[in-house]
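Given the sequences, and given the hints that come with them, work out the whole structure.
First to last, the protein sequences are chains A and B. Mapped onto my numbering, the consecutive letters of the first sequence carry residue numbers 293 to 341. Mapped onto my numbering, the consecutive letters of the second sequence carry residue numbers 29 to 326.
Quick caveat, the hints were computed from the structure, so don't treat them as lab data. Do not take every clue at face value.
Ranges between beta-carbon positions, derived for each pair [unchecked claim]:
#, chain 1, residue 1, chain 2, residue 2, range
1, A, 335, B, 118, 21 to 29 Å
2, B, 81, A, 334, 43 to 51 Å
3, A, 307, B, 101, 32 to 40 Å
4, B, 51, A, 337, 22 to 30 Å
5, A, 337, B, 110, 34 to 42 Å
6, A, 299, B, 259, 47 to 55 Å
7, A, 334, B, 261, 42 to 50 Å
Where is the CB? At the ideal position from N, CA and C, for every residue including glycine.
Okay, here's what each chain looks like letter by letter:
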Amino acid sequence: MKHIETIETKNLCESAKKGGCGECQTSCQSACKTSCGIANQQCESKESK
Amino acid sequence: MIHQYKLGGYNIVLDICSGSVHAVDDVAYDIIAMFEGSDKETVISAMKEKYVDGIEITDADIDECYQQVEQLRDAGKLFAPDTFEPMAGELKNKTRGVVKALCIHIAHTCNLNCAYCFASQGKYQGERAIMSYEVGKRALDFLIENSGTRRNLEVDFFGGEPLMNFEVVKQLVAYARSVEKEHNKNFRFTLTTNGLLIDDDVIEFANKEMSNVVLSLDGRKEIHDRYRVDYAGNGSWERIVPKFRKLVEARGGKNYYMRGTFTHANPDFLNDIKQMLDLGFTELSMEPLSAHRATPRS
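In structure tokens form, the structure reads like this:
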């Protein structure tokens with residue numbers, strides 16, 4: 293019986309080795325930090341497409 | 029490091045260092061809670077004691093579950109070690125001096141007089157001013173020059189009220205578009221606005237050039253107009269809501285945010301969120317006031 297369902301995500305330890313592509317959206321008004329977060333961004337990395 | 033919790037009928041385990049997300053059954057949840065602090069025997073016997081009837085969960089299930097936890101640990105998806113702290117300085121050095129995004133205060137002035145404004149009505153406690161095209165162009169050049177190998181560059185038009193300097197906004201966007209290819213850059217613009225000056229020109233331009241628009245609306249009319257008044261003391265809600273609806277509809281209902289601020293005056297701000305939903309706005313960002321002692325104009 294399977295007791296654990298793992299949602300496959302990127303492996304952070306692997307991506308930390310080279311440090312990511314740096315193309316994430318960083319638009320962030322000083323009064324509106326929640327307009328830009330990982331929950332609403334698409335990955336920009338060409339490798340992951 | 030893990031974080032585990034129960035919510036909405038799910039048992040969730042987050043493995044912080046690997047970024048893995050697991051949905052687990054009750055036995056796995058309990059085993060994981062004890063895993064790092066106790067040896068295998070202690071954990072298994074605690075489980076056998078807890079799931080004592082053995083009808084739904086057998087001893088074999090418990091052993092099997094423990095093994096599955098170990099396998100995930102061995103695969104680096106659970107209890108992954110924190111290797112980030114030592115590399116933090118190194119990663120930071122790699123990008124030293126790189127600038128990827130700019131917030132441009134295109135207008136240090138505003139056509140509203142919101143009592144709670146963190147930017148003291150757009151002036152930031154200084155003089156009213158409008159940014160010249162030359163200064164804006166220099167800012168964009170600065171961004172390009174210091175962006176290193178980053179291709180996506182974000183520029184936010186902010187203020188004050190950016191639409192009070194709409195002509196320069198248009199000129200700067202045109203300039204950016206004219207030099208993008210040559211420098212292998214992709215500009216992504218955002219516009220924040222209180223909405224008063226939105227017209228068809230603005231809507232058309234925003235849909236063509238702005239990746240995102242941030243629209244200031246606090247929710248219910250009486251809440252919004254408590255603080256967000258013009259210099260004559262009149263509320264702005266009735267003027268801006270139709271404009272916002274038109275803009276959002278023209279954008280296909282996406283790539284925008286309604287940006288609301290709640291204060292001590294509306295701790296029941298869920299009603300303001302409901303009002304925004306009733307108006308047809310689904311992309312919402314509601315944040316607490318970041319200033320203090322703002323009194324509404326009477």
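Cβ separation of residue 337 of chain A and residue 110 of chain B, checked against the hinted range 34 to 42 Å: violated, 23 Å
Whether the CB-CB distance between residue 81 of chain B and residue 334 of chain A falls inside 43 to 51 Å: Roughly 48 Å apart at Cβ, these two residues keep to the hinted range, so it holds.
Pairwise beta carbon distance, residue 307 of chain A to residue 101 of chain B, judged against the given window 32 to 40 Å: At roughly 20 Å between Cβ atoms, residue 101 of chain B and residue 307 of chain A fall outside 32 to 40 Å, so the hint is violated.
Range hint 22 to 30 Å (beta carbons of residue 51 of chain B and residue 337 of chain A) holds or violated: Given a distance of about 26 Å, which is inside 22 to 30 Å, the answer is holds.
Cβ separation of residue 334 of chain A and residue 261 of chain B, checked against the hinted range 42 to 50 Å: holds, 44 Å
Range hint compliance [Cβ, residue 335 of chain A to residue 118 of chain B, 21 to 29 Å]: At roughly 23 Å between Cβ atoms, residue 118 of chain B and residue 335 of chain A fall inside 21 to 29 Å, so the hint holds.
Status of the given 47 to 55 Å range, CB of residue 259 of chain B versus CB of residue 299 of chain A: Hint holds: Cβ distance 53 Å, inside 47 to 55 Å.
Hints 3 and 5 from the list above are not met by this structure, while the remaining hints are.
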